[in-house]
Structure formats: structure tokens, C-alpha cells
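K.L.:
Sequence:
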Amino acid sequence: MSNIDLTDTLLTIQKHRPRILGRFSTSDVWAIRNGYLTPENYFKEEVKDFSQAFKMWNGTWRHNQVQELLKELGYEIELKIEHKTPDFTLVGKIDAIKDDIILEIKTSTELLPKAKSWHIEQLKIYLSLFEKEKGVIVQPITQGNKLILKEIGIVKRDNKFFEKVLTDLREFQTKLK
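Residue numbering for the sequence shown is 289 to 465, as defined by our numbering.
No lab work stands behind these hints, which were simulated from the structure alone. Backbone N, C-alpha and C fix where the C-beta goes; we use that ideal spot for every residue, glycine too. Incorrect hints may have been included.
Unchecked claim - Per label pair, the in silico range of CB-to-CB distance: (1) D387 x M289: 20 to 26 Å; (2) K422 x D296: 41 to 47 Å; (3) D296 x K434: 34 to 40 Å.
As the list claims (entries may be wrong) - When the alpha-carbon atoms are kept at most 30 Å apart in a straight line, the in silico DSBU-like pairs for lysine-lysine are as follows: (4) K448 x K434; (5) K381 x K359; (6) K404 x K381; (7) K434 x K372; (8) K448 x K394; (9) K368 x K394; (10) K452 x K359; (11) K332 x K368; (12) K465 x K434; (13) K444 x K420; (14) K386 x K372.
Could you build all of it, start to finish, from the sequences and the hints given here?
P.N.:
And the structure:
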């Protein structure tokens, strides 16, 4: 048997789902609110090079492995919610929840000393969508012979922030039309 080149397959499966007018993903909100996703580039297909695609694929694999372990501990994983407004729908899918605490898993290859602003914003949105008071951003790390979910951020629900997000998305939706 000769070598099997998986590169084209990897690049194909790591394409971002096409965006749809009237539907926003919580994972895009920070980029919209901070000008990285604009009305001009919102619907453009994101083309990833090999390095980006491999990093995403590897992160997804690690993410799924952590969720499998959390499931064994009684966590519910991948719960999806759609928040419908008269103008658009905001879609969110949390990584894990147990005892009313949402976990947001970050699988960066670099060890993060603390959560990034877009991690915090995403979790704040989830807390309002799922009507929960507290969430924790975690990163899987190894310490000696242990696999640990290291806490890198604690987030509290903030409904005023959520209302501002909805206002910003409403304005963005108007510009998209």
C-alpha cells in the first residue's frame, strides 16, 4: 500500500458552514461586534490553508475527547438553543452543562493563562440564552499523570450585555439586507 494523502479531505471538511441571512451563530458575535466580520465579508467563504485546517481539526478532535469524558461524569453536552427575535435568530450550542453551570471548553495548543475576550463574550451569551447564572471557561491540560480541565475564566450572567448584543445584531442584520 502506498501513502494516502488526506490533505484535500482535511481542507474540504474544515470549511465553515455557509452563513444564512437571519441566523447568527454565537461563535460569530464577537467578530461582528468588533468589526472582523462585516456586512461586506459576512457571506464570503472562509478559505483555510493547511496549517489553519489542521489546527481546527486537531482542536475539534481534542474537544470531542474531553466531551466524551465529561459525559461519563454526568454532563450534558452539545445542547443547542435558538433564540428567535422578530428580526433574526441567534443560535448557540454549549459544550457541557451540569448542576446549572455551563462549561465552555477551549482546546488551544498554547496554554492560556486566562480566557480571551471572545471566550468570555460567547459564554456570557450562552448564560443568557440558557438562563443560567454561572459559566466556567476551561482548557484541558496534563499535569504529570493527570488530565485536568484548568479553569481559565469564570463568567456571570449579564442580561444588559445580552440586550446590547441583540441590539448590535439587529443593526448588523439591517446592514446585511
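K.L.:
State for each hint whether it applies.
P.N.:
Evaluated hints:
1. D387 x M289: 20 to 26 Å: Violated - the Cβ-Cβ distance for D387 and M289, about 49 Å, lies outside 20 to 26 Å.
2. K422 x D296: 41 to 47 Å: holds (43 Å)
3. D296 x K434: 34 to 40 Å: With a Cβ separation near 38 Å, D296 and K434 satisfy 34 to 40 Å, so the hint holds.
4. K448 x K434: Judged against 30 Å, a Cα distance of about 39 Å means the pair is violated.
5. K381 x K359: holds (16 Å)
6. K404 x K381: Given pair K404, K381 holds - Cα atoms ~19 Å apart, limit 30 Å.
7. K434 x K372: The hint is violated at about 42 Å.
8. K448 x K394: holds (25 Å)
9. K368 x K394: holds (18 Å)
10. K452 x K359: violated (33 Å)
11. K332 x K368: Distance ~25 Å between K332 and K368 Cα, so the pair holds.
12. K465 x K434: It is violated: about 51 Å lies between the C-alpha atoms, which goes past 30 Å.
13. K444 x K420: holds (9 Å)
14. K386 x K372: holds (25 Å)
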